[in-house]
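A.B. asks: Spelled out from the first residue to the last, the chains are:
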Amino acid sequence: MSNTADIIMIFLVLTNLTLLGLSRLGACIRIVALQGVALGFLPLILNDWDMEVHLVLFSIVIISLKGIVFPWMLNRTLRELATQREIEPFIGYGISIIAGTIALVMCMWLSSRLPFPEPLMSPLIVPVAFFTIMSGLFLIISRKKALTQVLGYLVLENGIYAFGVALVRQQPMLVELGILLDIFVAVFVMGIAMFHINREFDHIDTDQLSRLRS
Amino acid sequence: MMIILKFANPILGLVIAPFLLGVINRTKAVFAGRTGQPLLQPYYDIWKLLRKGAVYSRTTSWIFRAGPVLGLAVTLTAALLMPFGGIPAAIAFKGDLILFIYLFGLMRFFTVISALDTGSSFGGMGASREVTFSALSEPALLIGLAAIAKCTGYISLTQMFSSVVPGLWLHSGPALVLAGVALLIVFLAENCRIPVDDPNTHLELTMIHEVMALDHGGPDFGFILYSAALKMWLLGQILIGIAVPIHSGNIWLDTSAATVAMLLLAVVVGIIESSMARLRLLHVPQLLIGATTLSVLALVLR
Amino acid sequence: MILALLLIPVIAAVLSLIVRNDILRRIILIATAISHTAITITAWSVEPGALWNGWLMLDKPGLLFLTITSVLFLACSFYAFGYLAGEAKSKKQVFEEEAFFTNAPEAIFCACIEGFLATMTLVTVSQHFGLLWVAMEATTLASAPLIYFHRHNRSLEATWKYLLICSVGIALALLGNFFMVIAATKPASEGTAIVLNALIGQGHNLNIQWLKAAFLFFLVGYGTKMGLAPLHTWLPDAHSEAPSVISALLSGALLNCAFLGILRCYQVCCAAGEAQFCQGLLVLFGLISISWAAIFILGQADYKRMLAYSSVEHVGIMALGVGIGAGATFGAMLHAVNHSIAKAMLFMTAGNIIAIYKTKTTKDVRGILSVAPITGVLWIAGFLAISGIPPFGIFVSEFTIAKAMIEQGRIGIAVAFLGILAVVFVGMSAAFLNMAQGPKNNDLQVKDRPAKAFTILPPIALGAMALMLGLYIPPVVNDLLHSVASAIGGY
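Residue numbers (my numbering), protein chains in the order written: chain C, 1 to 214; chain V, 215 to 516; chain P, 517 to 1007.
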C-alpha cells in the first residue's frame, strides 16, 4: 500500500511543522510520541503487512520505545520540574514555521537531484525523511530548554529511522541494529544527563548552561 | 434562458447570501441554549438600513461614499467568475482565479481607504489590522487555489471545479484535504469569523473588520453588510467546490446539492464559533502562517 | 590478537568495577595499558589475522592510529596513577566559583577509561562501516562519564554539550552509513556489504551521487567528533572541564579516531574516482578550522581552553593535509602522530600546573619556572613543540604539508596556512611565556609540593618522543606512514 506510506509521510510533515509552531512542552511531547507510533508501523506497511516475526518484533519495540517509554520519561521530567512549561524559543514560532516550509521545498528539490537506484514505495520518503532530520536539527538549535533539545534529537532520530527503514532493504540487520543503538543512546544517556542537570540546576534551561564561553 | 443562467450566481447570491448569516446565528443560538433571532433577520437589517438616510462627516471626501458601493459592485463582479453547482460562470478564461482573488483585494483596498478617509483613529487601527491579516491570508488563498489547480490541471475556476470528481479524491486526496483545511482557515479569516475576529464584538481593542465600518451608516452600511454576506457566499463556494464533487449533469440537482452544502457549511461555521474562543490578536498571524504552510504543502506534496 | 586487544581492556573494566582496593585498581589500569601496548607493538611485526569475514582487520591506517592510541594510553595510565593518588576524596572547591563538589567514584573512572580504550581500539580495527559507527558511538558513551568526573555544574554543562552535539553528529554519520549502503546497491542484484575492501574493489560500480552524499554526512558527522570548525563547539568546554589526563586522551586519541572514520570513507571515494570532490571539502573544513581556532586562541583567558582550540587548529591541519593530497598526505599522517604526542604532553603538564596553582586562568599563573622548574621547562618545550619550532616533530610535518602546497602551485592556500600559523604562534607565545617566566605571584597561595614521578615522567617521555620525531624518524615508522599515505591516495 504505497498510499498508506504516503499518508504516514504527510502526517510526518504535519507533525514536524506543528512542533515548529507549538509553544507547550506537554503538547510537543505528545506529538513526538504520535510521530513515533506512526513510524513504528512503517516497516510493516512497507512489507505489505507481511507478518514476519522479526519485523513484528522490531515494530513492537519501536512503538513501545518511541510511543510509550520516551513520552513517559519526558513527561516525568516535565512534572518534576517546577518551571514554566512554555518552550521559549530563540527563533519565533511564525518564523520557525516559515523556515520549515522553505526547508521542505528545499528537501523536495534536493531529493529530485538524488535519483534512487531502486523504485520506491512512496516518492515522498526521501524528501520527508530529510525534512524530518532538518526539523530536528532546527529544534535543537533554536530552542532553549534541554528538554526541547532532547525532543529535537528524537525528531532527528525519527527522520533517520524513516530513511533507514524505508530505503535500505539490502542490509536490514545493520539498519535495525543501528537504529536500536541510536535509540539506546537517546534513552539512557539523555535520561542520565537530564537527571543530573535536574539535580544540579533545579531547572533544565540550557540557556542557563552558559558559564563556558568562547 | 442562457442569459439568466449566466447571471444566476450573482442573483442567487443576492437572494441567499444573507440567509447564511441567519443560519450561522441560529446555530450559535441553539448551541448557547437560546431561541435566537429569526432566520431572516439579516434581510430585515439590510432592508431597514437601506431605507434610512446617511450622515456624512464634514471631513470625509467622495472616497468615503464610494467605498461601500464599490465593495458591493466588486463582489458581484467576482460572482460572475465563480461557477456554482450546475451553474457555469458567466465569464471564464485561463487564470481567472487570480482575478477572482484580487477583486477581493480591490474591495479590501476601498474598505481600508474609506476607513482611513474619516481620519478617526479607530478606523486607522482597524485598517492596519485588516491589511496585516489580509497580507497573511492572501498567500494562503492564492497558493491553496494553485494547489487545486495543480491537482486538476486547469487554471480556470470553472474547469477546475468541474474536474474535482471522486476519482481525483482517490488519486490526490491528501493534497485536497490540506488545501481544503487551508482554505477553510482563510474562509474564516476573510469573513471575520471566530477564531480570527468576532463579528458580534463591539470592543474596539479587539475588533478588526467591524471597526472600519463604524463610521458608515444607513444605506452605506447596508451595502457593507450585503457585500460581506456575498463575500462569504463566494469564498464558501470554493470550499464547496472541493468538498462536494457532485457533477451529475442535471443543473437542478447539482445546484440544489451545492446549496444544501452551503447551508451545511454555515452550520459548521456556527459550530466552530460556538466551540472555540477568539484567538489572541498576537496569535492570529501564526494561524494564518499555518494556513499558508498547509497550502504550500498541498502544492508541494502533490 | 585483535580479540586480545579488544578483550583485555573490557575485562580490566569489569575487574575495576569489582575490585574494592584503590591501589589494586590503579595497578590493573597500568597493567592493561602495558599489555595493550605490548600487543600493539607485536602487531607491527606479525600481522594479525582478520576476524568475522574481514569485519575486524588491522590494516595499515588502523595500525597507525591504534599505535598512537595505545602509546598515549600507556602514558596516560601512568599519569592517572599519580593523578588519582593526588585527588582528595573529600569535597573540593570549584576554582572559578564558591561551590564545592566531589569526584565520581574512582571505580567508575577506571572502568570508563578502560572501556574508552576498548572502544577506540574497536574504531581502529573495524573494517565494516556499521561496526565503525557502533564503535564511534561507544567512544562517546564511554568518555562522557570521564568528562563528568569532577561533579560540579561546569563539568556537567560540558558533558551535556559533548553528549548532545556528538550524538547529533553520530546520528548524521548513521545517515551517511545508510547512504553508503544505497551507493553500494545495484538494481536487481544483491548489493555489496559495506566492508572497506569490498567497497574499494567495487569502486567504479558505486552510485556516485549517493557516495558523495555519504562522504558529506560522514564528514559532518565524524567531523563533529573530530572537532572540525564550525562543528567543534563541544570541544573547548569538554577539554577544559575534564581532568587533564582525560583531555590528553580526548585530544590525542579520540580526535584521531574520528579522523580515521572520515579517512575510511575517503578511501572508498578515492577508489570511486571522486577524490577531487572530497579533497575540496577537506581543504575547506581544514582552512575554516585553522582560522577559527586562531581567532579564539588570541586573547584566550583560560590556558586549557587555549590548548583545546589548538587541537581544533591541528585537526584542521590534518584535514588540510589530506585535502591537499600527494606528499601532504604523508605530512598529515606524521602530523597526527606529532600532534597527539605534543598535545598529550601539554595537557599533562597543564594538569600539573593546575595541581600547583589551583586555577585555569592564564593571568593568575606566573613564574612556573621558579616554582616548579621541571614543569616550567616542560611547558615551554611543549609550547615550542606544538607551534612547530624546528627541533620538534610538528615542524617536519607542517613543513611537509606546506611544501606539497607550494609544489602543487596552491600558493594562496600556502600563504594563508603559514600566516595563520604565525598568528597562532604569537597568540600562544604571549600566554605561555608569561606563565612560565616572571616572579611568583604573591597573592596566590602556591603550594610547594614535591613533583611526583608519576605525573612528571609521562610528559617527559612524550616530550622526548616529540623531539626525537623531529630529528630522526625511525625507518619502521617512516615505512608505515608512507604505506598509510598511499592507502589514502597520497604518497
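Be aware that a few hints might be false.
Stated by the list, open to error - Listed below are the simulated SDA-like cross-link pairs for lysine to any residue, each with C-alpha atoms no more than 20 angstroms apart in a straight line:
#: 1; chain 1: P; residue 1: Lys728; chain 2: C; residue 2: Pro115
#: 2; chain 1: V; residue 1: Lys364; chain 2: C; residue 2: Met108
#: 3; chain 1: V; residue 1: Lys262; chain 2: V; residue 2: Pro433
#: 4; chain 1: V; residue 1: Lys364; chain 2: C; residue 2: Val105
#: 5; chain 1: C; residue 1: Lys144; chain 2: C; residue 2: Gly26
#: 6; chain 1: P; residue 1: Lys728; chain 2: C; residue 2: Leu110
#: 7; chain 1: P; residue 1: Lys728; chain 2: C; residue 2: Arg113
#: 8; chain 1: V; residue 1: Lys220; chain 2: V; residue 2: Ala306
#: 9; chain 1: P; residue 1: Lys728; chain 2: C; residue 2: Lys144
#: 10; chain 1: V; residue 1: Lys364; chain 2: C; residue 2: Trp109
#: 11; chain 1: P; residue 1: Lys728; chain 2: C; residue 2: Phe116
#: 12; chain 1: C; residue 1: Lys144; chain 2: C; residue 2: Ile97
#: 13; chain 1: P; residue 1: Lys728; chain 2: C; residue 2: Trp109
#: 14; chain 1: P; residue 1: Lys728; chain 2: C; residue 2: Pro117
#: 15; chain 1: C; residue 1: Lys144; chain 2: P; residue 2: Ala871
#: 16; chain 1: V; residue 1: Lys364; chain 2: C; residue 2: Pro123
#: 17; chain 1: P; residue 1: Lys968; chain 2: P; residue 2: Ala871
#: 18; chain 1: V; residue 1: Lys364; chain 2: V; residue 2: Trp383
#: 19; chain 1: P; residue 1: Lys728; chain 2: C; residue 2: Met106
Calculated directly from the structure, the hints in this document are not laboratory data.
A.B. asks: Given the hinted pair P/Lys728 and C/Trp109, is their Cα-Cα distance within 20 angstroms?
C.D. replies: Roughly 17 angstroms separates the two Cα atoms, so the pair holds.
A.B. asks: Mind checking the alpha carbons of V/Lys364 and C/Val105 for me, to see if they're no more than 20 angstroms apart?
C.D. replies: With a Cα-Cα distance of about 16 angstroms, the restraint between V/Lys364 and C/Val105 holds, given a limit of 20 angstroms.
A.B. asks: Mind checking the alpha carbons of V/Lys364 and C/Pro123 for me, to see if they're no more than 20 angstroms apart?
C.D. replies: Holds - the C-alpha atoms of C/Pro123 and V/Lys364 are around 17 angstroms apart, at most 20 angstroms.
A.B. asks: Given the hint that P/Lys728 pairs with C/Pro115, does the C-alpha gap stay at or below 20 angstroms?
C.D. replies: With Cα atoms ~13 angstroms apart, P/Lys728 and C/Pro115 stay inside 20 angstroms; holds.
A.B. asks: Hey, V/Lys220 versus V/Ala306, does the alpha-carbon distance stay inside 20 angstroms?
C.D. replies: The given pair, whose Cα atoms are some 11 angstroms apart, holds under the 20 angstroms limit.
A.B. asks: Quickly compare the C-alpha distance for P/Lys728 and C/Met106 to 20 angstroms and report which way the hint goes.
C.D. replies: holds (18 angstroms)
A.B. asks: Check the hint pairing P/Lys728 with C/Phe116 against an upper bound of 20 angstroms on the C-alpha distance.
C.D. replies: With a Cα-Cα distance of about 14 angstroms, the restraint between P/Lys728 and C/Phe116 holds, given a limit of 20 angstroms.
A.B. asks: Does the structure keep P/Lys968 and P/Ala871 at a Cα separation of 20 angstroms or less?
C.D. replies: It holds: about 11 angstroms lies between the C-alpha atoms, which stays within 20 angstroms.
A.B. asks: Given the hinted pair P/Lys728 and C/Leu110, is their Cα-Cα distance within 20 angstroms?
C.D. replies: holds (13 angstroms)
A.B. asks: Straight-line Cα separation of C/Lys144 and P/Ala871 no greater than 20 angstroms?
C.D. replies: The hint is violated at about 36 angstroms.
A.B. asks: Straight-line Cα separation of V/Lys262 and V/Pro433 no greater than 20 angstroms?
C.D. replies: The hint holds at about 9 angstroms.
A.B. asks: Holds or violated: P/Lys728 and C/Lys144, Cα atoms, limit 20 angstroms.
C.D. replies: Given that 20 angstroms is the threshold and the Cα spacing comes to 34 angstroms, the pair is violated.
The structure does not agree with the numbered hints 9 and 15 stated previously, though it agrees with the rest.
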